[in-house]
Amino acid sequence: MKTSLKTAFVTAAILAGSAGAASAQDANWYVRGDLGGAFQGEVDGTPKAKADSGWAGAIGGGREFGNGLRAEGELLYLKGDLKGAAGGELKTLGGFANLYYDFNRGGQFQPFVGGGVGFAQVKANSRLVDGDDTGFAYQAKAGVAYKINDKWTGEVAYRYVGVTDVSLGSGASKLSGDFNSQAVTVGVRYKIGG
-13 MKTSLKTAFV TAAILAGSAG AASAQDANWY VRGDLGGAFQ GEVDGTPKAK
37 ADSGWAGAIG GGREFGNGLR AEGELLYLKG DLKGAAGGEL KTLGGFANLY
87 YDFNRGGQFQ PFVGGGVGFA QVKANSRLVD GDDTGFAYQA KAGVAYKIND
137 KWTGEVAYRY VGVTDVSLGS GASKLSGDFN SQAVTVGVRY KIGG
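The numbering used here applies: residue -13 is where the sequence shown begins, and numbers increase by one.
Bear in mind the hints are in silico, worked out from the structure with no lab data behind them. A virtual CB, placed ideally from N, CA and C, is assigned to each residue, including glycine. There's no promise every hint is true.
Each pair of labels, with its calculated beta carbon distance range [unchecked claim]: (1) F95 - S162: 14 to 22 Å; (2) D38 - D151: 20 to 28 Å; (3) F51 - Q94: 18 to 26 Å; (4) N135 - S156: 51 to 59 Å; (5) Y63 - P97: 36 to 44 Å; (6) Y87 - G157: 40 to 48 Å; (7) D30 - A128: 19 to 27 Å; (8) F51 - D116: 39 to 47 Å; (9) G140 - Q168: 17 to 25 Å; (10) A72 - N135: 47 to 55 Å; (11) A57 - G157: 39 to 47 Å; (12) L21 - S153: 26 to 34 Å.
Working from the sequences, and respecting the hints, build out all of it.
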């Protein structure tokens, strides 16, 4: 699974790097970054482990196709403090290939929906559980973008993230199940070229 995670990161990096290699005449390529809060993170299994609200960050790069569709590669990081006497942290690092649809392309406010698939590593650090595992990851996103000018676009977005079938730690305190979390982020996109 570690090889799969590395492959996902390399794929996301290639997609993001392709934006930088785009022709100066092609203004459809972009890079972007987001920061915000993560909440309701948990490993939903036996036993169940929940995390307090934490933070989320993402970087990505992609291309608009002129018909409302956008495709991109993205790296996502989520972090929250584990609830309970054991304390510790629950962290997730994932690479995704995303597809979006932008509404109201001619307007200043542009709602969007999207989703992505990839791989993510979930890691628990506490007095009871210390381990990590990698699994298939997916996400669903929705938000509103605001076109600042021809180059810059701001956005506010909600996302739901899931990672299937992770197993953290060993012995009696082992956590096994599906990881899921939600996040709200604020970010910017910058068009390259043009």
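Structure-based check of all given hints:
1. F95 - S162: 14 to 22 Å: violated, 43 Å
2. D38 - D151: 20 to 28 Å: holds, 24 Å
3. F51 - Q94: 18 to 26 Å: About 20 Å separates the Cβ atoms of F51 and Q94, which means 18 to 26 Å holds.
4. N135 - S156: 51 to 59 Å: Holds: the Cβ-Cβ distance is about 54 Å, inside 51 to 59 Å.
5. Y63 - P97: 36 to 44 Å: violated, 25 Å
6. Y87 - G157: 40 to 48 Å: 46 Å Cβ-Cβ, so the 40 to 48 Å window holds.
7. D30 - A128: 19 to 27 Å: holds, 22 Å
8. F51 - D116: 39 to 47 Å: holds, 44 Å
9. G140 - Q168: 17 to 25 Å: Since the Cβ atoms of G140 and Q168 sit about 21 Å apart, the hinted range of 17 to 25 Å holds.
10. A72 - N135: 47 to 55 Å: holds, 49 Å
11. A57 - G157: 39 to 47 Å: holds, 43 Å
12. L21 - S153: 26 to 34 Å: 30 Å Cβ-Cβ, so the 26 to 34 Å window holds.
Hint compliance for this structure: hints 1, 5 are broken, all remaining hints hold.
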